[in-house]
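Trainee: Make a model of the complete structure from these sequences and hints.
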Amino acid sequence: MTNVLVFIEQRGGKIKKASFEAMTLARDLAGSLGGSTEALLIGDSISGLAPEVARYGAAKVYTVEGTAFANYSNYGYATAIGKAIEASQPGLVLFSHSAMGKDLAPRVAAASGSGLVSDATQVTAEGGAIQATKPVFAGKAYKSYTVTGTPPMVTLRPNSVTATEAAGTGEVIALDAPGGDFLSVVKEILAASGDKVPLQEAKVVVSAGRGIKEADNFKLIEDLALAFGPGVAACGASRAIVDAGWRQHSEQVGQTGKVVSPTLYIAVGISGAIQHLAGMSTSKFIVAINKDPEAPIFKIANYGIVGDALEVLPKLTEAVQAACAH
Amino acid sequence: MEILVLVKRVPATDSQIKPAADGKSYDPAGLEFVLNPYDEHAVEEALKTKAAKEGTVTVLTVGGKEAQKDLRTCLAMGADKAVLLDPGQEFDGKSLSEALAAKVKELAPEIVFCGKQSVDNDDAQIGPRLAGLLAWSCLTDAASLEIGDGTWTGQRDIEGAKEVVEGKLPAVISCSKGLNEPRYPNLKGIMAAKKKPLEEGSAELGAPALTVIALTPPPARPEPTIVGEGPDAVDALMDKLKNEAKVL
Ligand SMILES: Cc1cc2nc3c(=O)[nH]c(=O)nc-3n(C[C@H](O)[C@H](O)[C@H](O)COP(=O)(O)OP(=O)(O)OC[C@H]3O[C@@H](n4cnc5c(N)ncnc54)[C@H](O)[C@@H]3O)c2cc1C
Ligand SMILES: Nc1ncnc2c1ncn2[C@@H]1O[C@H](COP(=O)(O)O)[C@@H](O)[C@H]1O
Numbered sequence: 002m003t004n005v006l007v008f009i010e011q012r013g014g015k016i017k018k019a020s021f022e023a024m025t026l027a028r029d030l031a032g033s034l035g036g037s038t039e040a041l042l043i044g045d046s047i048s049g050l051a052p053e054v055a056r057y058g059a060a061k062v063y064t065v066e067g068t069a070f071a072n073y074s075n076y077g078y079a080t081a082i083g084k085a086i087e088a089s090q091p092g093l094v095l096f097s098h099s100a101m102g103k104d105l106a107p108r109v110a111a112a113s114g115s116g117l118v119s120d121a122t123q124v125t126a127e128g129g130a131i132q133a134t135k136p137v138f139a140g141k142a143y144k145s146y147t148v149t150g151t152p153p154m155v156t157l158r159p160n161s162v163t164a165t166e167a168a169g170t171g172e173v174i175a176l177d178a179p180g181g182d183f184l185s186v187v188k189e190i191l192a193a194s195g196d197k198v199p200l201q202e203a204k205v206v207v208s209a210g211r212g213i214k215e216a217d218n219f220k221l222i223e224d225l226a227l228a229f230g231p232g233v234a235a236c237g238a239s240r241a242i243v244d245a246g247w248r249q250h251s252e253q254v255g256q257t258g259k260v261v262s263p264t265l266y267i268a269v270g271i272s273g274a275i276q277h278l279a280g281m282s283t284s285k286f287i288v289a290i291n292k293d294p295e296a297p298i299f300k301i302a303n304y305g306i307v308g309d310a311l312e313v314l315p316k317l318t319e320a321v322q323a324a325c326a327h
Numbered sequence: 036m037e038i039l040v041l042v043k044r045v046p047a048t049d050s051q052i053k054p055a056a057d058g059k060s061y062d063p064a065g066l067e068f069v070l071n072p073y074d075e076h077a078v079e080e081a082l083k084t085k086a087a088k089e090g091t092v093t094v095l096t097v098g099g100k101e102a103q104k105d106l107r108t109c110l111a112m113g114a115d116k117a118v119l120l121d122p123g124q125e126f127d128g129k130s131l132s133e134a135l136a137a138k139v140k141e142l143a144p145e146i147v148f149c150g151k152q153s154v155d156n157d158d159a160q161i162g163p164r165l166a167g168l169l170a171w172s173c174l175t176d177a178a179s180l181e182i183g184d185g186t187w188t189g190q191r192d193i194e195g196a197k198e199v200v201e202g203k204l205p206a207v208i209s210c211s212k213g214l215n216e217p218r219y220p221n222l223k224g225i226m227a228a229k230k231k232p233l234e235e236g237s238a239e240l241g242a243p244a245l246t247v248i249a250l251t252p253p254p255a256r257p258e259p260t261i262v263g264e265g266p267d268a269v270d271a272l273m274d275k276l277k278n279e280a281k282v283l
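Sequences listed follow chains A and B, in order. Going by this note's numbering, the residue at position 61 of the first sequence is 62; the numbering climbs one at a time, nothing skipped. Going by this note's numbering, the residue at position 23 of the second sequence is 58; the numbering climbs one at a time, nothing skipped.
Incorrect hints may appear among the rest.
[What the hints assert, rightly or not] Chain B residues, not near chain A, derived (Cβ > 10 Å throughout):
#1 69
#2 115
#3 200
#4 224
#5 229
#6 230
[Said to hold, decoys possible] Here are the simulated lysine-lysine pairs, DSS-like style, with alpha carbons at most 30 Å apart:
#7 188/A <-> 230/B
#8 316/A <-> 197/B
#9 316/A <-> 275/B
Note that these hints are calculated values from the structure, not bench results. Quantities reported herein were computed from a predicted structural model and do not represent experimental measurements. All C-beta atoms in this analysis are idealised placements derived from N, C-alpha and C, irrespective of residue type, glycine included.
Mentor: Take a look at the structure:
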């Protein structure tokens, strides 16, 4: 029971980058445990994705296929994962802490009476013991646990591991698809307009707070995000400007919004209240632009500019555009 | 319709968290405790559901005596009765959800509302775990909800989009912030709450599956650098981003 099984998340035949991060970590852990890295794909006509998973080191790729799995259902998918656990007998199951992983992992853990550490930023398997560390109190402290269960389970915070390739044999093993009533199913996906990068997956996040003065000035934030090039940056907001009705709640970063962990987070006109820091303090690099040199955001920023955001933004956008153009 | 709401008492979101002497738990001294913010949305949704479907709203927490205060807040918002279960020991997502599942079977509600996560451990496990144990449907992180006749339809945020989900009752609904605007208890509600039943008992916890090794302060961030003032500082910032952080 020393294999590590990774649930691979795909929607519409596209595998999430976070799943490759989990594969990369799984290879390390399987190494410590003396087992192999295995992966699980669930969906309709997804076996064609197996080679893509093998490239990240899967020795075996279990598949559960069928039209019943075309649309996501937490009950149906959890049952299918149960089948794969029976087949693989893993010493650890890894999920990413994505919307789907958060929905699935606790349900799968309940079925097998397993311990689950959710939103882990670090996982080890020294001497066979699975230990995981996660931010608690919205990042104000970190808690480390030993996880037990048959098997123990962990969801991994996106962007906590850099995905790297390492070829695996990728033997495909098709499992019987469970049938029956799935109790609930996704009927439709309402995609955000355009080809916007999802906030939690963006490499760069540019967020604005009350310091941008009025709703229309958010255009300057969008311009800066666009300057990084297509598919790179997303825009976020503090709760103050969400509550003011300037932006949607889906863009809010923080304790009661989204948790993001991009390579670069740019906080514009955001004071840095503890509830905002909760959503972004694990970002790799943080830039703050604020006219108040005493603003708490400067305490956690790597780089700060003291000044009027409305004056700094156009020049910064121009400079980023020039730097990212080639 | 019988409606159950699960709530938890947690340190206020602006609390400074200090590890206690045991190095495994936090020091509660001087902290202000509140109803978990997401659970306010769960109570609100339960009250809205009651208004549409009739029935009773029971709020339940597993916690110490202090949590009576938070249960009274829920009663003041409009819940009908409250249950306080003493855990008697530490618990994790597994052992707690097993205790909750046993209680749900006893109370036999048709719908259970909980918060999407408690802001102490940020686990986000209880809703879907409980649904799994009960073999019920579950809408995790609900951003909207409509309850029909034996069915529900709701939306939840996923990365860059929203999912429209349809399911059958009974169900567990874990509530997020976008779902509704929680009401404030008014004076009349606060007075009425004093007379509403608050039953106490003990939680039948399952065996835990997590052992805490340590609670530590977050890793220190590097010393901040103020690169300059106003638009003139942009060049210095670009230099740092290109040559030091290497993010461009
Ligand atoms: C239970 C609870 C949950 C919460 N959850 C969240 C959450 O998820 N996310 C969140 O963000 N907040 C959250 N908050 C709110 C949080 O406490 C703060 O109120 C909020 O983050 C402040 O937003 P802000 O920084 O935009 O506004 P302010 O605090 O008003 O800060 C504005 C900043 O802009 C600066 N400024 C002003 N003019 C300019 C200018 N011209 N150029 C540059 N800078 C300028 C000011 O110096 C100031 O620092 C929560 C609060 C509670 C109680
Ligand atoms: N001790 C508890 N008693 C009752 N309900 C709880 C308790 N802990 C968590 N919950 C519920 O489960 C939700 C998710 O919590 P968690 O899985 O701990 O993040 C919370 O928002 C509450 O609604």
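Trainee: Go through the numbered hints given earlier and state which of them the structure violates, listing their numbers in rising order.
Mentor: 3, 7, 8
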